[in-house]
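Trainee: In order, the protein sequences belong to chains A and B. Take the first sequence: its letters are residues 1 to 616, numbered as in the working numbering. Take the second sequence: its letters are residues 1 to 392, numbered as in the working numbering.
The set of hints was computed from the structure by calculation and includes no laboratory data. This one's a predicted model, so the numbers in the text were calculated from it and none came from an experiment. Hints may contain errors.
[What the hints assert, rightly or not] Simulated restraints on C-beta separations:
| hint | chain 1 | residue 1 | chain 2 | residue 2 | range |
| --- | --- | --- | --- | --- | --- |
| 1 | A | GLY337 | B | VAL380 | 50 to 60 Å |
| 2 | A | PRO24 | B | HIS43 | 53 to 63 Å |
| 3 | B | VAL380 | A | ARG545 | 51 to 61 Å |
| 4 | A | ARG545 | B | HIS83 | 20 to 30 Å |
[What the hints assert, rightly or not] Partial chain A-side listing against chain B, Cβ under 10 Å, derived:
| hint | residue |
| --- | --- |
| 5 | TRP16 |
| 6 | ASP92 |
| 7 | PRO95 |
| 8 | LEU495 |
| 9 | VAL499 |
Glycine included, C-beta positions come from ideal geometry on N, C-alpha and C.
Residues per chain are reported as follows:
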Amino acid sequence: MKRYAPWIALAVAVLWVASNSRMPKASPEGFDLVTFAKVPLLSDGRNKPFDTVARNSLLIIRGKQTLRLDDGRTVDARRWLADVLFNAPVADSYPSFVIHNPEVLGMFGWEQNERKYFSFAELQPFLEKIDTQGGQVESVESAKRTPFQTAIYNLRNSLMLYQRLKNSLRPEDSPDFTGEIDAFLQAMPAGLEATAKQAKGENFDKEKFDAFARLAARFQTMAELSYLLPVPPDPAGAGPREEWISIGASLLQSISTGAVDPVTKTYAALGDAYHAGNPALFNQHLHDLSGWMTKNEPRATGRATYEFLFNQLEPFYQAMGLYVLAFLLVCFSWLGGNRSLGAAAFYVLLLALAVHTFGLGSRMYLQGRPPVTNLYSSAIFIGWATVIVGLILEKIFRDGVGSACAAAIGFITLIIAHHLAGSGDTLEMLQAVLDTNIWLATHVVTITIGYSAMFLAGTLAIIYVVRGVFTRSLTKEAAQSLSRMTYGVICFATLFSFVGTVLGGIWADQSWGRFWGWDPKENGALLIVLWCAIILHARWGGFIRQRGLVVMALFGNIITSFSWFGVNMLGVGLHSYGFMNKAVPWLAGFMMSQLVLMALASLPLARWRSFQAQDS
Amino acid sequence: MLHRFFDVLSSLKLTVICLSLAIVLVFVGTLAQVNFGIHEVQHRYFQSLFVWWPSASQGLKIPVFPGGHLIGGVLLVNLIAAHVRRFRWTWKKLGIQLTHLGLIIILAGGLFTDLLSVESFMRLAPGETKNYSEDSRDMELVVVDESDKELDQVTAIPEARLKQGGTIEEQSLPFRIVVRHFYQNSRLEPLDKAEPNAVPAATAGVGSRVAVREVPRATAENERDLQSVVVEIVPIPSGAAPTGPSPGTWLVSDQLGAPQTFSFAGKTWRLLMRPARYYKPYSLTLRKFTHERYVGTQIAKNFASHAVLTDPERNENRDVLIYMNNPLRYRGETFFQSGFEKDDTATILQCVYNPSFIAPYIACVVVAAGLLFQFGYHFVGFIRRRKAGHAQ
Chain A
1 MKRYAPWIAL AVAVLWVASN SRMPKASPEG FDLVTFAKVP LLSDGRNKPF DTVARNSLLI
61 IRGKQTLRLD DGRTVDARRW LADVLFNAPV ADSYPSFVIH NPEVLGMFGW EQNERKYFSF
121 AELQPFLEKI DTQGGQVESV ESAKRTPFQT AIYNLRNSLM LYQRLKNSLR PEDSPDFTGE
181 IDAFLQAMPA GLEATAKQAK GENFDKEKFD AFARLAARFQ TMAELSYLLP VPPDPAGAGP
241 REEWISIGAS LLQSISTGAV DPVTKTYAAL GDAYHAGNPA LFNQHLHDLS GWMTKNEPRA
301 TGRATYEFLF NQLEPFYQAM GLYVLAFLLV CFSWLGGNRS LGAAAFYVLL LALAVHTFGL
361 GSRMYLQGRP PVTNLYSSAI FIGWATVIVG LILEKIFRDG VGSACAAAIG FITLIIAHHL
421 AGSGDTLEML QAVLDTNIWL ATHVVTITIG YSAMFLAGTL AIIYVVRGVF TRSLTKEAAQ
481 SLSRMTYGVI CFATLFSFVG TVLGGIWADQ SWGRFWGWDP KENGALLIVL WCAIILHARW
541 GGFIRQRGLV VMALFGNIIT SFSWFGVNML GVGLHSYGFM NKAVPWLAGF MMSQLVLMAL
601 ASLPLARWRS FQAQDS
Chain B
1 MLHRFFDVLS SLKLTVICLS LAIVLVFVGT LAQVNFGIHE VQHRYFQSLF VWWPSASQGL
61 KIPVFPGGHL IGGVLLVNLI AAHVRRFRWT WKKLGIQLTH LGLIIILAGG LFTDLLSVES
121 FMRLAPGETK NYSEDSRDME LVVVDESDKE LDQVTAIPEA RLKQGGTIEE QSLPFRIVVR
181 HFYQNSRLEP LDKAEPNAVP AATAGVGSRV AVREVPRATA ENERDLQSVV VEIVPIPSGA
241 APTGPSPGTW LVSDQLGAPQ TFSFAGKTWR LLMRPARYYK PYSLTLRKFT HERYVGTQIA
301 KNFASHAVLT DPERNENRDV LIYMNNPLRY RGETFFQSGF EKDDTATILQ CVYNPSFIAP
361 YIACVVVAAG LLFQFGYHFV GFIRRRKAGH AQ
C-alpha cells in the first residue's frame, strides 16, 4: 500500500483537475452563449473574447465573476453580459452593483444591512448625485482618498462601464435595431441631399433632414459611449478600415460607403433575436458571425478561443487546490513520519507546477510578453519560481521542508494574485515605457526571482522557529540542514536581487537617462540587496550563527514585502503604475506577524521545546 | 596607532555597520518622498555628507545621520582597504574578489555621476531648431546688445555668480552689474496688491511697479523655485566721454515673461532671466512628434520624436528617431524622449551628459560573474560532499 501511495495521490489529483476542466453546456433557454463567448473583439486595446469582457466587467462591477439573484438562481458572467448587451431592461433588474460603504448607502437614504448588491434600477434615481460626488474625487490623488471617496468613485466608474456596455452593441432602448438601420439607409440619400443644401444655405427638406439627423445622432452617441470595438478591420484590400471600431462608428462610416458592414448587420440581427427571446434565430446569426470571424480574422479568433479555454480551465484556482493538497500531505508525512506521503506530496506538487506553468505560459502567449507585466503577474511568477526552487531543495534534502515551502508559498501567492485581479483585465496593455520585451524579460524576471528566493528563505526560517519553539521535532541535524538551506537560498537571492537591481538601473539609463534616481521602487530593490549583503557579511564575520541567520531571514520577509507592495502604497515615483492601497492592513498584519516570529526566535534556547528535549 | 586605524578601516564590522546605516538611510529617504519631491530628497539624504535637522531652517542645524556620500565613501574605502589587506590569489576567493571589484566600479561610477553628469532639457515645437538645451533648475541673467541687426551680442551670467553678489564686470559690457539682492525663490506682486508697507523692487522697468517677496524654497515634486534678482547698472568711470545717466536698478525675474530694455551708451540693451543654456556644436530640428495610444484606450503606446540632426563640424545631416527606451546618443550626450506639451505637438527631450554611464554596465557583468562563481563553487562542493556522505 505504502508503495502505491504517491501514485494514488497523483491519480486523485489528476482526476480532480480533469473534473474541474469540463466545458460549459449551452444555456437552458437554448441561446448558444458558449459560442458567443468565444467571438473575438477589441477592448482596452487588445483582442479578447466576449468571455473575458463578461468576467472582467462583472468582476469590476460586482467584485465576483458570477451573480446570484434574490431568488437564489445563479447567473454566470456570459449570461449576464448577454443580457446587458441585448436585453437591458432585464439586466437592469439584476443586483449587479456591490456597495459596502455605509456612507455611500447613507447618501441614498439606505441603512446598511446584510444586503450588499443593488440593481441599476435601484440606483437610477441617484445617478446624477453619484456622478457629481464621484467626479469631485477625480482630482484627489488616489493615495489621499477617504474610504467614502474611493467607494463613490468606484461606484461611478462601475455605472459608467455598465452604461457603456449597454450601448455598445445596440442602443439600450431600441426594440428593433435592424429596423433602425434599414430606416437609416433609406433616409440617407434624401438626408444627405438636405444636409448639403442646408450647408449651402439653400432651402432644404426639414423633415427628411431631421429623420436622418436623429438616427445619425443616435449612432454618434453609441460610437462615443461604446466600450467594445467588435467590428474588425476590412479584410485585406476590401476596404480602407485598418482598425477595429465600434458598431456606432461603423454605422457612421456607412454614410460615406453607402452600405452597412456585414458584421455590424449580423450583430444587430443577433441582438434583436436575443431581445425578442428567439434562440433559434440568435444561434443562426451567431453561427454566421463566428464563421465570418474564423474566415476573416483567423488570428484574433484563434487567440480568443484559446483565451476562452484559459478562462474556463482557471489553472491558477486549480493549482491553488493542488498546493493545499500537497501541503496537507507533507504535514501528514511529518506527523506520521511516513516517507511515502512525502513522495506523494512531491508528485502532487509536480502536477501543481505543471498546471501553474500552463497558466503562466498561456498568459505569456496571449499577451505576447515575458511573464511579469504588472503586480498581478508578479504574484503568479513569484509563486511559480518559489515552487521550482522549493522542489530543487526537496530533491537535495528529501525531508519535506522544500515541498512544504513550495506548497505554502505557491498557495499564498496565488491567493494574493486572486485579490489583485479585482481591478479588471490582468492582461492589460502596457504603458509606453514598459513596452520592451528585453527589459521585461531580464530585469523584471530576475528581480522577481530575487523576491521569490527571499520569501523562500523567510519561510524556511518560519519553519525553523515554529518547529523549534513549539515542537520537539527540530533535532540538531534538522536545524543544521534548515539553516544551510536558508543560507543557500539567501545566496541565490543575493545574486538575483543584485543583478535584477542593476539591470533595472541599466533600463532606467536607457529610458530615463539616469542609472539610479532613488525612486521608491528602486530603493525597495536596493534594500533587499543591502539586507542580503548584511546577512552574508555578518555570517562570514561570525557575528551571527544559526539563530541570527533565522532572525535576519525573517526580517527579509518584511523587507521584501515592503519592496514588492509597500513602496507602491506610497503612491509616488515613476513605478506607481503598479499602485494599490487596499492591501495596507494585510501588509501591516504580515509585517507584524514576522516581528512576532522574530521575537519568538529570540527566546532563550531553554524555552525552545526542541532544545529542552535535547538537553534532557 | 596607524595600524589600529587600518584594522578598523578594513574590518568586516565596519562593512556591516555601514550597510546597516545605508539600509536605514534608504528606507527613510524612500518614505520622505511622500512629502517631498525627489530632487529635494536626493539632495537631503543621498547626495550629502550628513542628514541635517531641522532641514528647512537657515539657523542652527545638527547632523542627525550620515548622508549617502559619507556612507558610500566609507564603504568604498572599507572595501578597498579590506582587499589591500586580505588579497590572496586563490580560486576559492576569485568569486569574492570579482564581486567586490564590480562593487568598487559601481560605487565609483555613482560618485562620478553625481559629480560630473549634467541633465538638461530641450523643448522643440514642430519645425523648431535648437543648438542648446536648458537646465531645469538653474537660471542665468542675460544681457543682450541689440545694436547689430544681424547678430545679437549675448552676455549670460550664471545663477551661481548672481548668488555670490557683488559687482560683475564683463569685457562685452560697457557697464558694471551690481547685484543688489538675489532671491532663490520669490513671488512678484503688483504694488497695489502687495502688503501695505511693500516697496518697489527697483527704480526702473517693471521693478518699479511690483514688490518682491522671498518665499521658502520649493520642495514638492511638481514645484520649482522662481528666482529673481535686483541688479543695478552702473557706468564704468573712465574719465572719457560721459556715458549718460545711470539706468538705475532693475528687477529681473523668472516670473517675468517678456524681456526689459534700457538704453546705455547709445545702444539698446535687453535684460532677462532664462533657464541656463548648454550650447552644442550641433543642432536638432523637430520634424514631427507622435503620441500613439492603444486603439479605444487612453493608454500610451509610444511617444516618438522624429528629428533632424545637423552637425556642420562633422558634416552630419541625418534623420533621427527618438522614442521610448530608444534614446539618441551623440558626441557624449544622450537625448531621451521625456515628455510632450502643446496638445501633443511639441516634444520635450531630456539631454544627459554622463561620462561614467558605462560603469554600471561593466559592474553588472563583473559582479554577476563573481557571485555566480562564488556560490556555484560552494554549491558544487556542497553537493559533492553530500553525495560522498550518502555513498558512505
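Trainee: Compare the structure with each hint and give your call.
Mentor: Hints, one by one, checked against the model:
no.	hint	in the structure
1	GLY337(A) x VAL380(B): 50 to 60 Å	32 Å, violated
2	PRO24(A) x HIS43(B): 53 to 63 Å	60 Å, holds
3	VAL380(B) x ARG545(A): 51 to 61 Å	25 Å, violated
4	ARG545(A) x HIS83(B): 20 to 30 Å	26 Å, holds
5	TRP16	35 Å, violated
6	ASP92	25 Å, violated
7	PRO95	29 Å, violated
8	LEU495	4 Å, holds
9	VAL499	5 Å, holds
The structure fails to meet hints 1, 3, 5, 6, 7 from the earlier list, while all remaining hints are met.
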